[in-house]
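Given these sequences and hints, build the entire structure.
Sequences listed follow chains A and B, in order. Here the working numbering is used: the first residue of the first sequence is 4, the next is one more, and so on. Here the working numbering is used: the first residue of the second sequence is 47, the next is one more, and so on.
Worth double-checking, as some hints may not be accurate.
Some but not every residue of chain A turned toward chain B, in silico, with C-beta under 8 Å [what the hints assert, rightly or not]:
hint, residue
1, Asp-50
2, Thr-86
3, Asn-87
4, Ala-159
5, Pro-166
6, Ala-167
7, Arg-263
Treat the hints as calculated values from the structure; they're not laboratory data. Keep in mind that this is a model prediction, so the values were computed, not measured. Note that CB positions come from ideal geometry on N, CA and C, so glycine has one too.
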Amino acid sequence: MITYVARRVLASVPTLWGVATVVFVMARLLPGDPARVIAGVLASPEDVERIRQSMGLDKPLLVQYGTFLGSLLRLNLGVSAHTNAPVVEEIGSRLPYTIELAVVALVLAVSGGLLAGVAAAIRRNTMLDLLISSFSVFGVSMPVYWLGLMMIIVFAIDFHLLPAAGADDPASILMPAVTLALFSLGLIARMTRSSMLEVLGQDYVRTARAKGAPFRSVVFRHALRNALLPIMTVIGLQFGALLGGAVVTETVFAWPGVGRLLIDSIFFRDYPVVQGLVLMFGTTFVVINLLVDLLYAYVDPRIHYT
Amino acid sequence: MSKRFLALLSALLVLSACGGGGTGGGTKQGDKLTIAIGPDPDTLDPMRQTTTTIQNIVSMVVETFVFVDPDGKYKPLLATSWQTAADGMSWTFTLKSGVKFTDGTPFNAAAAKANFDRVLTAGNTCPLCGAFRGVQTIDAVDDTHLRLNLKQPIAPLLGLMTEVTFGFLSPLTIAKGTDAFKDQEKPVGTGPYLLTDRVKGDHVTLTRNDQYWGAKPSYKTQMFKIVPEAASREALVRAGQADVILLPPASDIPALQADKTLKVILAPGDRTIFLAFNQSAKGNPLLQKPEVRRALNYAVNKELIVKSVLFGAASPMDAPMASSLFGYCKTGGPYPYDVTKAKQMLADAGASNLSIKFIAPTGRYIQDFQAAQAIANDLTAAGVKVDGPKTSDWPTYLGTINVPPASSSVDLHLLGWAPGFLDASQAMTQFQSSQWPSAGLATSYYKNAEVDSLLAKANSESDPAARQADYCSASKLIWNDAPWIFLWVQRFPMVTTAKVTGVQAIPNESFYTVYASPA
Chain A
4 MITYVARRVL ASVPTLWGVA TVVFVMARLL PGDPARVIAG VLASPEDVER IRQSMGLDKP
64 LLVQYGTFLG SLLRLNLGVS AHTNAPVVEE IGSRLPYTIE LAVVALVLAV SGGLLAGVAA
124 AIRRNTMLDL LISSFSVFGV SMPVYWLGLM MIIVFAIDFH LLPAAGADDP ASILMPAVTL
184 ALFSLGLIAR MTRSSMLEVL GQDYVRTARA KGAPFRSVVF RHALRNALLP IMTVIGLQFG
244 ALLGGAVVTE TVFAWPGVGR LLIDSIFFRD YPVVQGLVLM FGTTFVVINL LVDLLYAYVD
304 PRIHYT
Chain B
47 MSKRFLALLS ALLVLSACGG GGTGGGTKQG DKLTIAIGPD PDTLDPMRQT TTTIQNIVSM
107 VVETFVFVDP DGKYKPLLAT SWQTAADGMS WTFTLKSGVK FTDGTPFNAA AAKANFDRVL
167 TAGNTCPLCG AFRGVQTIDA VDDTHLRLNL KQPIAPLLGL MTEVTFGFLS PLTIAKGTDA
227 FKDQEKPVGT GPYLLTDRVK GDHVTLTRND QYWGAKPSYK TQMFKIVPEA ASREALVRAG
287 QADVILLPPA SDIPALQADK TLKVILAPGD RTIFLAFNQS AKGNPLLQKP EVRRALNYAV
347 NKELIVKSVL FGAASPMDAP MASSLFGYCK TGGPYPYDVT KAKQMLADAG ASNLSIKFIA
407 PTGRYIQDFQ AAQAIANDLT AAGVKVDGPK TSDWPTYLGT INVPPASSSV DLHLLGWAPG
467 FLDASQAMTQ FQSSQWPSAG LATSYYKNAE VDSLLAKANS ESDPAARQAD YCSASKLIWN
527 DAPWIFLWVQ RFPMVTTAKV TGVQAIPNES FYTVYASPA
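Laid out in structure tokens, this is it:
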């Protein structure tokens with residue numbers, strides 16, 4: 004088990020190196036002069052040049068790349084060109100907000116999605132199944148931007164129930180979390196339904212029923228546990244997608260997370276912050292994939308990692 | 047189903063009741079003013095800040111020698127008077143005495159000098175220092191007199207002194223080697239408010255300075271909420287969770303005006319929006335003919351576009367600069383819309399089959415790309431073959447137009463230009479051939495030797511009447527040369543709830559809420 008984890012961690016190094024290289028190159032392929040964008044249109048060429056030098060952009064590309072990798076090895080993500088604050092600080096001050104949003108959304112999506120999927124599967128071809136399936140399609144296909152604004156109009160403007168935007172109120176998280184969760188909830192519900200249907204038709208389920216096990220125990224202990232593997236893969240990927248999907252949600256609801264930071268940084272061509280954020284997203288995906296793989300072994304005792 | 051919906055609704059109710067108290071708009075009168083703005087401050091250091099909205103916030107904390115009032119007039123603030131030497135080579139400011147920074151340090155000539163020295167220190171980032179770098183030395187004559195000795199006369203110096211870039215921080219916070227020096231993000235000034243809280247990406251909170259030397263503001267705190275999406279800002283003010291918002295979605299202005307619980311302010315601005323012709327040798331040779339450029343000015347229906355695409359958030363230009371600037375004079379009516387005349391003029395100039403490549407930014411100015419689409423229609427109606435408008439994000443856009451003439455690649459581009467202080471000098475850099483990229487952002491590559499010499503003269507002229515005359519003559523030449531399709535001067539839309547009064551604007555896209563109060 005430990006050797007397996009160690010091997011996976013080692014194997015992630017080239018992956019992250021690849022991510023770092025791709026984001027380094029792509030940031031610089033974007034047209035536009037970062038120094039001019041940061042200095043503003045009224046700045047003199049000398050001031051633009053001064054900013055360019057402070058960003059190290061006057062040096063050859065290979066030298067910049069070397070500096071970047073060198074600092075990365077020392078776990079130094081550099082300094083934001085836009086704000087002059089260390090990238091770690093910029094990301095660190097916003098990451099808790101995004102994690103909070105993603106976790107709440109994931110809890111909503113997983114609990115709601117599993118329940119809805121199981122309910123739809125055991126009440127197959129009833130009105131309930133139809134309702135849940137339609138709702139899942141709705142969740143998967145609603146554009147986050149539109150849905151977010153509709154929720155704001157209904158719950159903040161019409162009924163004065165919830166804060167329209169921002170994060171300074173404990174109730175602020177409700178609308179962004181629900182908006183963000185709906186897509187994943189729909190996906191998880193659909194996945195759970197089909198996976199459950201497959202399992203519910205298996206012989207061992209019939210056997211369990213025949214020996215007199217209670218219905219609830221059959222559904223949750225025998226069927227769901229066996230149906231869970233493909234669902235877990237989806238959930239794992241969804242957590243990453245939630246971090247990314249937060250970009251639009253955070254903008255609509257003025258939630259001060261990393262998604263908005265990423266957009267701002269791209270529009271300012273703030274290379275160090277863009278690089279830092281993409282690397283962070285990459286690392287998150289690697290870690291989550293590893294965790295999901297380890298969870299497989301827990302859910303399915305037949306799986307062993309050596 | 048309905049039961050479940052009710053359960054969800056009551057859960058929401060309970061949750062919001064638990065957590066909803068005490069924030070948002072539900073505060074006592076005169077206690078807290080909430081203002082929703084778009085941009086997230088990159089820095090609160092006045093020297094490094096370049097965004098007007100953020101400068102506005104900083105200037106509630108950090109004061110300058112001179113202040114522009116909502117009528118656009120220069121008024122004394124931390125300087126009570128000023129004098130310029132007969133040769134224009136030095137300026138002496140008399141400082142207000144008895145003023146203290148909010149950390150208790152006295153404001154005096156030495157403190158002012160420390161701040162000016164800081165912005166001029168080589169290696170310090172001061173993107174808007176520009177003309178101020180013409181200062182040679184700074185003398186603290188005595189406690190209340192400060193003299194700036196210049197390398198050459200700087201005619202708009204007083205205008206510069208209104209910019210928060212040249213505002214005064216407590217010298218304790220800028221003395222090198224102290225811990226405070228690292229903390230420029232928490233400016234300490236002499237202003238009516240103190241910076242008390244900031245959460246990046248979420249809000250900046252100012253608290254009233256009860257020791258303020260001038261009139262005390264009404265609101266105990268003013269909170270600036272950062273809400274990048276215009277539709278979300280609108281939702282906040284409609285829900286009563288913000289008292290003031292800047293820049294609502296333009297298309298909703300009529301609906302907001304119709305709402306009796308809200309007030310829409312379309313404040314005059316100083317940003318000219320225009321279409322720059324590429325007049326470089328690399329561009330379309332037909333566009334080097336003033337007759338062709340004038341013809342295209344007649345082809346665009348500015349009034350209609352302002353009314354139906356910008357929803358009244360602009361006024362058509364009648365001079366190459368905004369009327370709020372020193373140096374403005376009316377140079378003849380706007381080119382009136384006349385498509386028949388435009389066609390005739392194009393035919394006379396041998397440009398009947400003119401074809402142009404047209405680009406415009408998206409989301410940079412009010413309804414910019416939407417207006418560009420309407421303009422392209424108008425130009426097509428005048429018989430011009432229009433390739434575009436094409437658009438891109440701002441850095442890409444700037445990278446396309448901010449290039450030396452030999453690398454220029456489009457014939458016509460939409461741009462907005464707003465000077466930081468209300469003087470023609472920055473506005474007119476657009477028409478100076480010395481300001482062609484890469485030296486400046488005069489992206490139309492316009493050159494008229496007479497205009498060049500008039501503008502150079504105006505920049506160092508110390509007699510205001512003579513400056514005004516120079517700018518006026520230059521404006522008339524430019525208006526006739528038509529290096530742009532002159533479009534409009536953008537207004538600065540703000541929305542407040544009816545519960546708030548006294549929200550003002552300064553005609554350089556600045557809001558002024560210091561003396562706002564409950565209605």
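Hint-by-hint comparison with the structure:
{"no.": "1", "hint": "Asp-50", "verdict": "5 Å, holds"}
{"no.": "2", "hint": "Thr-86", "verdict": "5 Å, holds"}
{"no.": "3", "hint": "Asn-87", "verdict": "7 Å, holds"}
{"no.": "4", "hint": "Ala-159", "verdict": "4 Å, holds"}
{"no.": "5", "hint": "Pro-166", "verdict": "6 Å, holds"}
{"no.": "6", "hint": "Ala-167", "verdict": "4 Å, holds"}
{"no.": "7", "hint": "Arg-263", "verdict": "6 Å, holds"}
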